[in-house]
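Asks: This is what each chain is made of:
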Amino acid sequence: MPQTGELNGYVVPPQPVASPFRREEEENRHRDSESSVDWLASLRASSSLTEEAEQASEASDNWLNRVRGADSYNPPPTGRSLSQPLDAIRPTATSLNAPPSQPAEAQHGVVEQPNSGQSLPDWFRSLRGEETERPAPTTDSIPPWLAEQPVPAASNLPAWLSGEDAPATIAAPAPTRADSDLPPWLQEEAASQPPAAASNLPSWLSGEDVDTAPEPSSNLPSWLSGTTPETTTSSPTWASSPPPAPTPAHDSNPGLLGEVDAPWLQQLAAQPLPTPPPIATQPQRTAADFFPASVSTNQPDEMAEENDEMPPWLLAEEQDEAATPTSQSFVQAEPDLDGDTDEGEEQAVAEPTAGRKKATGLINEEDLPAWLRAQVAEQEQGQVRLPRSASRANTAANLRPEQGEGSGYVPNWLRNLGTSDEDATAAANAATAAATAASDLTATLAPAMPKISRTMTIRSPRTGAAEAFAALVSSPSSATLTSSVLRHEPRKAAGAMRYLTADRLIYLLTLAVIIAAYVLGQSSSGGPLGNIAKPNIAPAVSSFYSTIENLPADAPVLVAFDWDADRQAELQPLSYAVLRHLFDRQRRVTTISLLPAGAAFAQQELQRAGKDYDASQQNTGKKIEYLNLGYLPGNEIGLRGLATGPLANALTGRADFQGNPLTGNAALRGVNRLSDYRLIVLLEGDEGLARQWAEQLNAARLQTQQLANASGVNQATQVVIGYSQAAQATVNLYLNGSRPLFNGNIAGLLGTDQYALALNQAGKALDSQLGREQRSNVLSFALILIVLLIIIGNIVLISRWASNRR
Amino acid sequence: MSVPFIVAALLTLVVYSYLVGDNPAYRAAQHLFVGVSVGIAVLVAFYNVVWPQLLFLYQQKDTFTIFTNPSLLFIFLSLILGVVLLFKLTLPRNAASNSVLGIILGTGAAVALAGALIGTLIPQALATMVPLNGNGTIPSILGNVVLVVGVVTTLSYFYFTGRKDGSRGPVAQYGATVGRYFIMIAFGAIFGLLTVSFFAALYGRIFFLANPS
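First to last, the protein sequences are chains A and B.
Take 35 as the starting number for the first sequence in our numbering and just add one per residue.
Take 28 as the starting number for the second sequence in our numbering and just add one per residue.
Same shape as in the complex, but just chain B:
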């Protein structure tokens, strides 16, 4: 058994000690895990992203193509904006760093929204609009009926608008009840999948402990 294996095995057992109860050893292992994760992320981001591009800019210093090559210009601007963003460490309310942060958040939100609209919302809406008869087979018919009913009733569950007398229409009223069961079934399925995933993780640890390397 190698030393890394011994350390890893001990940390694994310490983490599982939480089943008995919270203890300092578990908390130490937890902090160690978080610290190692952050350390790996910082090292990878610097050596895999920042440092190569700095070297690339340094290599291009004699060619004077930094302002003629758009790619180089983007890298240079990104470097400047990245340095300005570091001002947040000392000047949290600095306007320049806030502007850079605004660019990052605004661009990310715009890209995410466009991707969600094109890649998720519209395809899902189109996938819901299916004929109830399907391809003619009973399973496809049942599947499409369940799909349509599930979508309508689930949406009706989130339909909170009522009439003046406080009542809702029959579709919204009874559909909300049915939609509630659809939602619970979906949540149950998600929980079951998570349980299977956690069992896989448990098996992986047992397999690791049972096969020392």
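Next up, chain A with everything else stripped away, as it sits in the complex:
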């Protein structure tokens, strides 16, 4: 279905859109053609010599084949007004007047069948010369609406139509076959008709002087002769050009078919007509298309002359017939931008404007822009008939935004150039000057204005993007091919050297340093490298240590093992050191974990530390009490329940990690809620879990503080944290502030070494278990290497940046 639109003030021509609606429309048209009466289908299909039309013509009646065969032209792909059915019949009437020896079917190869004349309607038989058998249509046969029409004055009718002149018979083209080839009935028909003289042909049909007025045919019935518009001096629309494509009929306007008495013809008018096919190609839109080529092409000079010579009552009928708006009218209203109507463009413009019904009269007047309404009104009044150039200037003046309502935006530069005349009448008077200005403007704008393709298509953005992407892929940019990056391809190394990339070199160098430091620093003195790491105990580590030391004997302590295998190397030594410290101080230890694997690591470290403690306390016989609660599901929810509610609720039905019931466990003696623990030790390998603990403990502390005012809940619970270096950035948020949550903290292996040092000072040497000597040297050398690499890398980067600037 053609689409019309407006883009930046330009009238976007209707474009064929391959939509399912179009296919459905074509199918409907085909179905309608099949379901209609055969002769009607053939009549419809007569506008195009398609295969379907030929098939339909074979199925139609014989007499209608003849009618259809007279329609010897191809219909243009334009809209069709209500007069279209009659336009298809008009040539038929012409051919009826022609000698029967010149059937038009011969030109189209349509097989002519003998006509018995029995299937012809009465009116048609009257056309064949049987008027005596049937009286002329009376007023009873005229529809009421037509009866109310004013009778045209005799003075308005041309001479040939008023009957003053001798009736002229329209001669058919030269015979294509001899009379002997005609069927008998046709020869009889030819014998009854007077021979058509070439002199009786109208000038427009005979190809002679166009100013010669055609003579009306006296053989035509009165109702047909009264409606036949072939009264102009120029070639009539339906004869000079192919009839437009059919458009849906307008119910409210019967058109010329309303004059026909025959019911079958009324039915023809009532049935929907196919949609006109879209315009296949359109010429380039150029700058001069701004000028009123739309109007001038819509109303060519020939048409204007024809309008002037037509009587008012016929003009009125023409306008009534053209009252049906079609989208095709927008196509014809498309302005001519360049003005240099080349041959192809002239043809493209002439085709849609060949028929007078395809002018602006096809749409309602209220649908027209203001400037076009004014011009149409002037032409209707017959006051001004502008030449093409003057009409252009007039339209250019009317294209002003303040004058033309919604007529489209015209840029200022163009408006200044094209507003030499603002008034239509003044433009008409200054037609010559306007023509000169238009030509000058065309010459000025032609090189300046880019050629805008008229074949602008409205497509979906996705389709356009896909096409653009395909274009980019299909045509790589030359700049890309000649870029320095592609011209200087890195040279590929051969053999094993291809694996020695920069990052791998860093990995291998770091690994080599760590292994060398570990091997060379096996002894407690650090070996040949010496002990380059001489840690000082940080205040936070000292506070951590002091918090455990200051706990009362047999105090319950909760230790959270929230680290996994990925942090084992970092937190396992710290966990072991903390447990040993707690065991040595005879604290009751309970462990819990927010990670399933953390519970297993907790069990592993408890057993290891308990075994070592038992081994160290063989002489004293002291026993330690610990409990592994295992995995606590739910993360924040589990912590919230553990921190705020009674411990019995959070641990109802639970067992320890080994499946033993919790009831009666010595580690839980006197512990009913979380605040009953004197110390909470968090061993966090992940920053997220550390944040969860900190947030929920802070919330529980606030709640506990509120409860303390009423019930005196113990608030002496202290919290210390040991964490991985990866979680230090998060944990630091809770280490400072007016009320820090943690009483002490240990960060990574460096903090563990400091903690071990504090234990050594306290006579609880754990260096052999923790491997502190080797680890300190190894990590120290590794960090020194990294610092050197960072410095070297920055130096290289800065030097390269400086060289690039030069």
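For the record, the hints were derived by calculation from the structure and aren't laboratory data.
What you are looking at is a predicted structure, and each value in this text was computed from that prediction instead of being measured.
Glycine is no exception: its CB is placed at the ideal position from the N, C-alpha and C atoms.
Hints are supplied without guarantee of correctness; some may be wrong.
Unchecked claim - Label pairs and their in silico Cβ distance ranges:
id	chain 1	residue 1	chain 2	residue 2	range
1	B	Gly215	A	Met531	26 to 36 Å
2	B	Ala137	A	Glu501	43 to 53 Å
3	A	Glu501	B	Leu70	53 to 63 Å
4	A	Gln651	B	Pro239	24 to 34 Å
5	A	Ala500	B	Thr204	35 to 45 Å
6	A	Val553	B	Val198	54 to 64 Å
7	B	Pro197	A	Ala796	51 to 61 Å
8	A	Gln692	B	Gly66	14 to 24 Å
As the list claims (entries may be wrong) - Which bits of chain B does chain A cover? Going by a derived footprint, with three or more residues having C-beta under 8 Å, they are:
id	stretch
9	35–48
10	98–112
11	137–147
12	204–218
13	225–233
Given the coordinates of chain A, assemble chain B onto it according to the supplied hints.
Replies: Showing chain B alone in chain A's frame:
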């Protein structure tokens, strides 16, 4: 050397083979690690959480206190909801299982939001509001100035609202530039801490390989 040590040592070397390049052995070790982790998690969750509570409910069947003891009632309801949640395996769009999932997510979000507000946001905002003179010492004064300037400029970096002419105020404009450097310094510090943590992991593997047990 024990068999577990040999297996662990081989897997360690296979994982480090990624330094040379991706290879099937590394991918096999990676899949094995993921599978073992999930297996441990499932076993621990079942034997440490689900199974003891099922046994506890079974032990309470003769006392008929399941509907009188709130704790037992919670366990029973949790068990039912847990069973309903298993319907997600066969009926992913089941309304009942979706409701249970909604309870879990909604409760978790509410608890997390409350904890973040009370435990993180408010304490951090209060910790930022410090006097610039600190305790009177130069380090404390410098520390507080850096703290305040860093907070203001970092926040101004995320201040995207501009005037009608597209410009921003001088604090937002120049502060955003300074705040960008604060952000980069923070990211650099985090990356450095991660590097140290990874070095610790590397040392742990070397220590494990060098001390067979």
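Asks: Taking the hints in turn, state whether each one holds.
Replies: Verification of the supplied hints:
no.	hint	result
1	B:Gly215 - A:Met531: 26 to 36 Å	holds, 32 Å
2	B:Ala137 - A:Glu501: 43 to 53 Å	holds, 51 Å
3	A:Glu501 - B:Leu70: 53 to 63 Å	holds, 58 Å
4	A:Gln651 - B:Pro239: 24 to 34 Å	holds, 29 Å
5	A:Ala500 - B:Thr204: 35 to 45 Å	holds, 41 Å
6	A:Val553 - B:Val198: 54 to 64 Å	holds, 56 Å
7	B:Pro197 - A:Ala796: 51 to 61 Å	holds, 56 Å
8	A:Gln692 - B:Gly66: 14 to 24 Å	holds, 19 Å
9	35–48	holds (count 3)
10	98–112	holds (count 4)
11	137–147	holds (count 8)
12	204–218	holds (count 3)
13	225–233	holds (count 8)
In summary, the structure agrees with every hint in the numbered list given earlier.
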